[in-house]
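Protein chains: 2
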Amino acid sequence: MPKISSRAVQMPASPIRRLVPFAEAAKARGTHIYHLNIGQPDVESPAEFWKAIRGFGDKVLEYSHSAGNASLRRKMLHFYSERGIDLGENQIVVTTAGSEAIRFALMACLDPGDEVIVPEPLYANYLGFACESDVSVVPITTHIEHDFRLPPIEEFRRRLSPRTKAILVCNPSNPTGALYGADQLEELRELVLERDLFLIADEVYREFNYTGQECPSVLQMAGLERHAVMVDSVSKRYSLCGARIGFLCSRNGEVMTSALKFAQARLSPPTLEQVGVEASLAAPQSYFDAVREEYRLRRDLITSELRAMEGVVCPRIDGAFYATVHLPIDDADVFCRWLLESFEHRGRTVMLAPATGFYATEGLGKQEVRIAYVLNREALGKAMECLGEALNAYPGRTEAPAPRLAHS
Amino acid sequence: MPKISSRAVQMPASPIRRLVPFAEAAKARGTHIYHLNIGQPDVESPAEFWKAIRGFGDKVLEYSHSAGNASLRRKMLHFYSERGIDLGENQIVVTTAGSEAIRFALMACLDPGDEVIVPEPLYANYLGFACESDVSVVPITTHIEHDFRLPPIEEFRRRLSPRTKAILVCNPSNPTGALYGADQLEELRELVLERDLFLIADEVYREFNYTGQECPSVLQMAGLERHAVMVDSVSKRYSLCGARIGFLCSRNGEVMTSALKFAQARLSPPTLEQVGVEASLAAPQSYFDAVREEYRLRRDLITSELRAMEGVVCPRIDGAFYATVHLPIDDADVFCRWLLESFEHRGRTVMLAPATGFYATEGLGKQEVRIAYVLNREALGKAMECLGEALNAYPGRTEAPAPRLAHS
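In order, the protein sequence lines correspond to chains A and B.
With the working numbering, the residue at position 348 of the first sequence is 491, and numbering never jumps.
With the working numbering, the residue at position 172 of the second sequence is 315, and numbering never jumps.
Just chain A, same shape as in the assembly (with noise of 0.2 Å):
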């Protein structure tokens, strides 16, 4: 029998995915799921998105350019433009979703066996393009204690190694909820101008910020022309994760020189979802107004709900829509299951994220969880219910001391 690859062995399942089967067996027990595993919003998506779809005239479907379609990337630099971010028309390509501008990022910037410094806990599918791409994750650990922000710089300065290519960062964070402002960021630009560095940023949460300051673009920042690398989705700007259509956006010409030819051979992003994207490029500002207020409210009830539990620690949560809080229980891992497979309080339960896939650190965020505070308030009250009771019934419940806050 051929034996699998060593890479294959290695690539991490997806921590957020890998409970859907007890998921999907406790839906057939007639339990209802809260699901706050994973970042799909119930917000609908936009009506022009929706009506492009329909009004498509076209008799075959064929490719797009490997580029995306060109009017959509020049309302794309319109988009950005509007926002403080002018780019030119080679320095845009439209990938398959932000998963595919992350991995054509890893790919046109680091070799393998290259390293990329990571913030940890971090977005869990980094491990796995890493992993495709044979390129080393080097995590710098985040604290609940500091609402998981930047460490000081030097922490940075003390993982570089003649192989680091790269520091990428989540910015507003996917898992924490962390926002990096202005200051936090200047540290980062100047250690990736000394160190002649590529700076990657996974913006797809930009638009999802609480604190009434801005959360800068890496491509805003000065000097940065040439290390540069923003990761950009619709997924959830405009409620649209189906869709599959992202962007990889830089100033450095040889990295889109690479990132086209990545494109060319896969041939094309989705044609009809590009056309509905387009359209939605079009909804008004109170579209997205309305949305970040939703959130906004929403963060607020877990916050407050979260932090009425006893050994429960929610840290401050600046933007995306996700938090990773501490449970007073002894191993999420388990703790996750258990609510799917041997707990429910009138009829439903909650399906959260073991945080220990978000570390690249073996043994870290084993009382952590990711919340993914995506649905509506009365869902979410309901949902902070059946884990308020889920905590006092589990078996595995701890007494010892909570992590304290040291800034919120």
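Incorrect hints may appear among the rest.
Identical copies carry no separate label here, and so any pair may be met within one copy or between two of them.
[What the hints assert, rightly or not] Derived pair list, reagent style DSS-like, types lysine-lysine, alpha-carbon separation capped at 27 Å:
hint, residue 1, residue 2
1, 218, 202
2, 146, 202
3, 202, 525
4, 509, 525
5, 525, 170
What the hints contain is simulated information worked out from the structure, not anything from laboratory work.
On the provided structure of chain A, position chain B as indicated by the hints.
Same frame as chain A, but now just chain B:
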């Protein structure tokens, strides 16, 4: 300035798409271009597809299951079963087109540095996916004199090394139109069993078979349960190139577990398109029959037109909708660019793909082009007229003796 990766530098630009800027310039000058350079059929996508898309009633375009919608997978299993391929429910993963299926197959079966033997001329993007996956393509040259059939199995044996992990075939073949029958596959079957190799078959053109004989799937071959991996796509079968929906199928559980992990990392294939594809499966057999008959007539047309041109060699074409043909020219890359930059006949020209990009062996294919006969017969006839005129006018025409077909 940070350096991009060596793999990005080595990544081949698509030979099919790198001429696009010259085509755009020709169009801007008002020249009509017959696109024989890319496998973009002009056949209408099924009415069932458009109906399902327009009738899609969800308000939120959500992620699908990472392995694809369960209902689509079930219907595909039924589709395969009706064609003599019986698979279980965990033996299929929906991919973002055949491109992703090939990439998943390579990553699941081969580690960086491992070798895959591929008959050339080959589908050019295999070289790109191999570069992304850091695996080596070991080409085995097939020849126009023998209608690009597989060479004797000894040729394969000669290329085996301790790093050989797989043989990859495209059957029917893009770019040659060759179809490998049961006898040729049988020798490969024995070899992969003997040496415990994977046999990866790209069968996206299976319906495009003009021989009257069946084109066997590797999944129908006895004893290859652990060895056979099949790549499929709806792009050509349903004229849905822009949908980006494909499939990876195998009875090897480890391969499929690996494929699912790769699939989880990128979350899901496009949601809306899966709904359309599922509906397309209800297209009647007459849809395929009509499509195949149309392509058979197109094949007949280009074969006779090409064979009437002096110095042109058109081999036997049994399947798919491509021909790799010999032209009396000095350099296919120069010729294909010249067609776009410096030639027109009655305001028209032809876009072809130079065959050099379809050979992994440097220097081969300089007098060959790939023709995709994806236009209606009237357009094809005019395109052939253009090509004939172009060959007469081309300054780099050679009078060297052409290869002679042994079988046709």
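Status of each hint after checking the structure:
no.: 1; hint: 218 - 202; verdict: both (25 Å within a copy, 24 Å between copies)
no.: 2; hint: 146 - 202; verdict: neither (44 Å within a copy, 44 Å between copies)
no.: 3; hint: 202 - 525; verdict: between (47 Å within a copy, 23 Å between copies)
no.: 4; hint: 509 - 525; verdict: within (25 Å within a copy, 68 Å between copies)
no.: 5; hint: 525 - 170; verdict: within (17 Å within a copy, 60 Å between copies)
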